[in-house]
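Asks: So the chains spell out like this:
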Amino acid sequence: MPVTDKVPVHLLVNGEAYEVMVPPYKTLLEVLREDLGLTGTKHGCELGECSMCGVLVDGKPYLSCLAMPLDLQQAEISTVEGLANGNEPHPLQRAFAELGAAQCGYCTPAMLLTAKSLLDSNPRPSREAIRQALAGVLCRCTGYLKIFEAVELAAARSSTSPPAAHV
Amino acid sequence: MIPSRPLLNADRVRFAGDLVAMVVAETREQARDAADRVVVDLDQHPAVTNVDAARQPGAALVHEDFGTNVAYQSTRTWGDVAAAFDRPHRVVHARLRNQRLAGVPIEPRGVLAEASRWEPVLTVWSSTQIPHGVRDELAAFLSMPQTDVRVIAPEVGGGFGAKLSLYPEELLVAWAARRLLRPVKWVEERSEHMQATTHGRGQLHDAELAVEADGRIRGLRVRLTADLGAYPMGVGLGPLTRRLLCGCYRVPALQVDIESVYTNTTPIAAYRGAGRPEAIFLIERMVDLAARELGMDPVEFRRRNLLPRFETPVTTIAGENYDSGDYPAALERVLENADYRGLRRRQDEARAQGRLIGIGVASYVEMAGFGPSGDLFESAVVRVNPDGAVTVVTGTSPHGQGHETAWAQLVALELGVNPDWITVRHGDTALLAAGTGTFGSRSAAVGGTAVHLAARDVQEKARRIAAHMLEAAPADIVVRDGSWHVRGVQGRAVGFRDIAQVAYGEGRPADMEAGLEATRYFQPPGLVFPFGAHLAVVEIDPDTGALTLERYLSVDDCGRVINPLLAEGQVHGGLAQGIAQALYEEVAYGPDGELLTGNLTTYLVPTAPDLPSFSLDRTVTPSPVNPLGVKGIGESATIGSTPAVVNAVVDALAPLGVREIDPPCTPEKIWNAMLASRSR
Ligand code: FES
Ligand code: FES
Chain A
269 MPVTDKVPVH
279 LLVNGEAYEV
289 MVPPYKTLLE
299 VLREDLGLTG
309 TKHGCELGEC
319 SMCGVLVDGK
329 PYLSCLAMPL
339 DLQQAEISTV
349 EGLANGNEPH
359 PLQRAFAELG
369 AAQCGYCTPA
379 MLLTAKSLLD
389 SNPRPSREAI
399 RQALAGVLCR
409 CTGYLKIFEA
419 VELAAARSST
429 SPPAAHV
Chain B
10 MIPSRPLLNA
20 DRVRFAGDLV
30 AMVVAETREQ
40 ARDAADRVVV
50 DLDQHPAVTN
60 VDAARQPGAA
70 LVHEDFGTNV
80 AYQSTRTWGD
90 VAAAFDRPHR
100 VVHARLRNQR
110 LAGVPIEPRG
120 VLAEASRWEP
130 VLTVWSSTQI
140 PHGVRDELAA
150 FLSMPQTDVR
160 VIAPEVGGGF
170 GAKLSLYPEE
180 LLVAWAARRL
190 LRPVKWVEER
200 SEHMQATTHG
210 RGQLHDAELA
220 VEADGRIRGL
230 RVRLTADLGA
240 YPMGVGLGPL
250 TRRLLCGCYR
260 VPALQVDIES
270 VYTNTTPIAA
280 YRGAGRPEAI
290 FLIERMVDLA
300 ARELGMDPVE
310 FRRRNLLPRF
320 ETPVTTIAGE
330 NYDSGDYPAA
340 LERVLENADY
350 RGLRRRQDEA
360 RAQGRLIGIG
370 VASYVEMAGF
380 GPSGDLFESA
390 VVRVNPDGAV
400 TVVTGTSPHG
410 QGHETAWAQL
420 VALELGVNPD
430 WITVRHGDTA
440 LLAAGTGTFG
450 SRSAAVGGTA
460 VHLAARDVQE
470 KARRIAAHML
480 EAAPADIVVR
490 DGSWHVRGVQ
500 GRAVGFRDIA
510 QVAYGEGRPA
520 DMEAGLEATR
530 YFQPPGLVFP
540 FGAHLAVVEI
550 DPDTGALTLE
560 RYLSVDDCGR
570 VINPLLAEGQ
580 VHGGLAQGIA
590 QALYEEVAYG
600 PDGELLTGNL
610 TTYLVPTAPD
620 LPSFSLDRTV
630 TPSPVNPLGV
640 KGIGESATIG
650 STPAVVNAVV
660 DALAPLGVRE
670 IDPPCTPEKI
680 WNAMLASRSR
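As given, the protein sequences belong to chains A and B, one line each in that order.
The numbering of the first sequence is the numbering used here, which starts it at 269 and goes up by one.
The numbering of the second sequence is the numbering used here, which starts it at 10 and goes up by one.
You may find that some hints are simply not true.
Think about it this way: if two alpha-carbon atoms lie no more than 20 angstroms apart in a straight line, the pair counts; the simulated EDC-like pairs of lysine to aspartate or glutamate are [to be verified]:
hint	chain 1	residue 1	chain 2	residue 2
1	B	Lys194	A	Glu349
2	A	Lys328	A	Glu356
3	B	Lys194	B	Asp42
4	B	Lys678	B	Asp619
5	B	Lys194	B	Asp396
6	B	Lys194	A	Glu314
7	A	Lys274	B	Asp619
8	A	Lys274	B	Glu38
9	B	Lys194	A	Glu302
10	A	Lys274	B	Glu35
11	B	Lys194	B	Asp266
12	A	Lys274	A	Glu287
13	B	Lys194	A	Glu287
Since the hints were made in silico from the structure, they are not lab data.
Quick caveat: nothing in here was measured; it's all calculated off a predicted structure.
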């Protein structure tokens with residue numbers, strides 16, 4: 269077996285500090301799934317085309333299949349495993365489940381995180397803003413409509429202001 | 010002779026995506042490095058990449074020993090075709106193309122196999138729609154008893170028909186795991202998916218429709234050429250299309266010539282609708298073309314030809330027993346919901362201002378619930394534990410359809426159990442001797458019925474226990490609001506958990522065995538035929554050819570609905586894929602057989618901003634072929650939406666004299682069609 273030089277990597281994922289020894293060429297997606305056991309983040313192309321691997325880095329959507337962990341040692345990484353508060357699902361998770369916004373569920377982790385990032389910066393987004401924010405995250409099952417509705421429902425429940433007409 | 014597909018093709022590569030070698034290594038990186046070092050030394054032969062080229066005499070042969078690229082040929086006629094085409098008022102001709110599509114479930118395929126060192130047991134996890142089918146093939150291939158091969162299809166991330174075939178990788182990975190006594194895993198890369206996972210559609214139709222002056226259809230003649238790709242995985246699709254070519258209409262005479270042809274491309278197999286969207290696309294385009302040639306509103310043309318409402322089966326000229334339907338009602342409903350007359354008025358006004366607005370309608374019928382013939386049953390177990398918790402095991406293999414919810418609902422209804430106490434298990438061959446799987450909109454009609462029947466059996470036994478406990482006659486026991494009462498007697502009731510306890514303990518009728526469970530295998534007496542009517546409104550920018558899908562309305566009838574939320578989800582997803590066929594997606598090959606659409610930037614799966622808001626409605630026409638009255642909803646919307654949108658596009662361009670555009674109707678194609686019409 270050839271020797272692969274592993275390097276120590278420090279990552280802050282869902283508020284927890286991890287130190288792992290990994291070969292430096294491994295992507296964040298691979299390290300999350302294989303070294304940290306956080307398999308909620310999915311692979312769909314590993315080429316930056318589908319966003320299945322989407323996580324949040326400092327609150328912004330980030331493609332983990334194109335990210336190198338060594339570059340992210342100072343960053344705060346969020347994955348779908350960190351979304352719920354203990355046994356309490358995140359409002360987005362609850363809305364997705366209630367409205368049937370997940371079918372096979374494969375795109376759901378990335379959808380949830382991307383939507384969370386949107387709501388964190390724009391608590392009552394318009395339908396158009398939701399469509400644009402989720403534009404990169406592919407879903408082959410739902411036709412997206414129930415996903416938009418779920419994001420709107422979660423937004424409505426977590427905020428008192430009316431939805432923006434245009435944002 | 011049917012050429013069989015070798016697992017590894019060292020001698021002759023027939024399509025970009027054929028497997029030539031397998032590398033097994035300790036790590037993914039090693040495997041990739043080693044695969045890079047495999048030198049494949051190939052002589053290049055000429056390729057045929059489309060059916061027109063492949064069926065020419067002298068064309069390069071995909072399978073040399075077979076002697077021709079035409080794998081299947083048939084001519085069938087029904088009714089007096091010669092008379093129908095003998096001096097009819099008009100014959101409408103068209104060449105219609107159903108482009109080749111890729112399934113693209115967002116989770117690619119993947120296989121993991123583990124052979125036990127201590128027992129002769131092999132466990133295979135595969136992202137498949139047919140775990141039992143994979144088990145049967147693996148057991149035969151490895152000469153193992155089926156009980157020693159366990160196939161698990163865990164939560165599968167979408168299928169759409171792309172995971173409905175047995176793949177060489179499943180056999181190879183399992184073989185390697187047994188040989189090495191180590192777990193072996195393979196996960197498809199996206200480019201491998203585009204190349205090696207089966208494609209769908211790929212049919213070419215030369216069609217002629219003979220009509221009377223008043224619009225009545227006299228006859229239909231079709232020459233259907235089906236692209237098989239390099240191996241005959243979808244040889245049944247052409248004949249399946251033929252079975253549905255009458256659509257929702259009275260067609261008194263029909264002739265269909267089929268040729269299924271090999272090409273040096275990825276094998277074609279099922280993709281959402283599989284053979285049926287092709288049929289409905291054909292008839293719905295022909296109907297629109299005929300209406301236009303007669304100067305008739307396409308809706309009026311449909312009204313004159315639709316089969317009237319029927320509650321018991323009617324047989325089409327092609328011999329299909331449509332189970333039940335009310336096609337005029339679905340059409341009228343969608344027209345009303347869209348304010349069709351108002352739409353046409355606004356279209357006239359817009360045209361007067363030089364704007365290009367198109368309205369497209371499609372009436373569709375689907376053929377689903379396979380199947381009454383062969384081994385296409387479905388299985389179910391309903392098993393009650395002594396504490397009253399219920400396990401449902403189903404032979405269906407859901408991958409996003411929500412059977413966990415729907416089957417629990419069916420059982421809760423029969424047993425008066427809180428759905429939280431019901432666990433639905435699927436996708437594990439260790440749990441059921443046989444099962445069929447999820448495809449062809451069959452799960453509710455066949456698998457749901459099996460669950461329902463098993464729940465009924467359990468209910469029967471539970472009723473006898475309850476009657477014994479309550480000292481009443483079984484016929485007087487009613488299940489309501491989670492408890493089992495004696496009819497008409499307040500307060501004399503037991504709960505399902507009490508019954509379960511008695512089923513395994515003290516207090517049973519003396520002649521009754523312990524236990525509370527039932528297994529059923531349901532094979533329906535006939536197919537189900539979901540149907541509906543769709544309407545699309547598009548606007549095309551006359552300067553650029555850019556298209557906006559302004560509105561989309563559907564009315565779908567899937568018989569009785571078990572769970573409206575899940576049914577809606579199926580319609581939404583189906584619409585997305587049908588609209589994508591109309592506007593975006595196409596698999597393309599270069600002349601040498603190189604795949605030009607090998608990733609998601611060249612193969613355009615719709616993204617969130619690409620689709621309109623859909624407006625859904627339904628009619629409910631119960632099916633007589635199963636006790637639930639359900640039909641199936643997985644493919645309906647895909648089937649209705651492609652012709653509705655293409656009809657709208659052609660309608661928008663009608664003032665320019667454009668008669669036909671092959672899907673996908675991309676801005677480039679629309680632009681070229683506009684240019685061609687201006688230079689005419
Ligand atoms: S896996 Fe597709 S973008 Fe990362
Ligand atoms: S739910 Fe299946 S890909 Fe989105």
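Asks: If a hint holds in the structure, say so; if it doesn't, say that too.
Replies: Comparing the hints with the structure gives:
{"no.": "1", "hint": "Lys194(B) x Glu349(A)", "result": "25 angstroms, violated"}
{"no.": "2", "hint": "Lys328(A) x Glu356(A)", "result": "23 angstroms, violated"}
{"no.": "3", "hint": "Lys194(B) x Asp42(B)", "result": "16 angstroms, holds"}
{"no.": "4", "hint": "Lys678(B) x Asp619(B)", "result": "18 angstroms, holds"}
{"no.": "5", "hint": "Lys194(B) x Asp396(B)", "result": "39 angstroms, violated"}
{"no.": "6", "hint": "Lys194(B) x Glu314(A)", "result": "18 angstroms, holds"}
{"no.": "7", "hint": "Lys274(A) x Asp619(B)", "result": "43 angstroms, violated"}
{"no.": "8", "hint": "Lys274(A) x Glu38(B)", "result": "14 angstroms, holds"}
{"no.": "9", "hint": "Lys194(B) x Glu302(A)", "result": "14 angstroms, holds"}
{"no.": "10", "hint": "Lys274(A) x Glu35(B)", "result": "16 angstroms, holds"}
{"no.": "11", "hint": "Lys194(B) x Asp266(B)", "result": "44 angstroms, violated"}
{"no.": "12", "hint": "Lys274(A) x Glu287(A)", "result": "12 angstroms, holds"}
{"no.": "13", "hint": "Lys194(B) x Glu287(A)", "result": "27 angstroms, violated"}
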